[in-house]
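**Q** Sequence:
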Amino acid sequence: MEKLASKWWESGSWWQFVITILAGLIVGVLGAWAAFRSANPKRRVNWWIQSNTPLFDRPAGDGALLNVTLGSVRLSSPRIVELVISNSGRHDVTAEMFHGAEPIKFDFDHAVAAVLDVASAPEGTLLPQIETWQELIPLTGGQHQGGLLLKPSLLRRGQTITVTVLIDGDEKPVRCVQFPLVDVDQTSVRPGSLSREVADVLQDASVYIGPLRIRVGR
Numbered sequence: 452m453e454k455l456a457s458k459w460w461e462s463g464s465w466w467q468f469v470i471t472i473l474a475g476l477i478v479g480v481l482g483a484w485a486a487f488r489s490a491n492p493k494r495r496v497n498w499w500i501q502s503n504t505p506l507f508d509r510p511a512g513d514g515a516l517l518n519v520t521l522g523s524v525r526l527s528s529p530r531i532v533e534l535v536i537s538n539s540g541r542h543d544v545t546a547e548m549f550h551g552a553e554p555i556k557f558d559f560d561h562a563v564a565a566v567l568d569v570a571s572a573p574e575g576t577l578l579p580q581i582e583t584w585q586e587l588i589p590l591t592g593g594q595h596q597g598g599l600l601l602k603p604s605l606l607r608r609g610q611t612i613t614v615t616v617l618i619d620g621d622e623k624p625v626r627c628v629q630f631p632l633v634d635v636d637q638t639s640v641r642p643g644s645l646s647r648e649v650a651d652v653l654q655d656a657s658v659y660i661g662p663l664r665i666r667v668g669r
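Position in the sequence shown (from 1) plus 451 gives the number in the working numbering.
By construction, these hints were calculated from the structure, which means they are not laboratory data.
For clarity, every value in this text was computed on a predicted model and none was experimentally measured.
Please note: incorrect hints may appear among the correct ones.
[What the hints assert, rightly or not] Calculated cross-link-like contacts (lysine-lysine; reagent style PhoX-like; alpha-carbon spacing at most 25 Å): (1) K493 x K623; (2) K556 x K623; (3) K556 x K602; (4) K623 x K602; (5) K493 x K556.
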């Protein structure tokens, strides 16, 4: 019985049959995937926080030697936040894709004291219109929450927008609370970071086909 099994595994025609089947499956899957991609062009917008840096180690009190003021208002817990928005898809995102001409809305949990800079890369891409918003938080004695609005704009394929703002408050997670783009996916991670996480998980994985071991990772 062991002799028969050994001849079956070692048979060249058996391995040729397996390889032929696998090659056919791979070609079929790749063909279907290519057809699906061409029929369904993928559009995606990634956004993430590049940095969230306090200017002081602790809130500045009345006796502080160093203070930050905006106009006549003193900021007790100033911090600089960089929000990055990237069109990581395969096609441009047009202004017409913003449903009802509504903007993308980001909530910083604190009102934005000032927009310090808006930059776009690569060179030659248009700067989108960025506005701030804020609203009173009920039952808080006059505290406000707020954030940024990205108005309907053309976002070129591969375009990255970096918005630098000044806020007054402790660090809070930034959320995208309104994403009105039609047929566009959105994710709050830097492009490629998820691929690196998957690669780390698979780096020691292996696949077995009969007695043949195929290393998936490095």
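**Q** Each hint needs a verdict: does it hold in this structure or not?
**A** The hints, checked one at a time:
Between K493 and K623 the CA atoms are separated by roughly 31 Å; this puts the pair beyond 25 Å, and the hint is violated. The straight-line distance between the Cα atoms of K556 and K623 is roughly 16 Å, inside the 25 Å bound, and the hint therefore holds. For the given pair, K556 sits about 9 Å from K602 by alpha-carbon distance, which is consistent with the 25 Å threshold. For the suggested pair K623 and K602, the alpha carbons sit about 23 Å apart, so the restraint of at most 25 Å is met.
For the hint linking K493 to K556, the alpha-carbon distance of about 22 Å falls within 25 Å, and the restraint holds.
Going down the numbered hints, you'll see the structure goes against just number 1.
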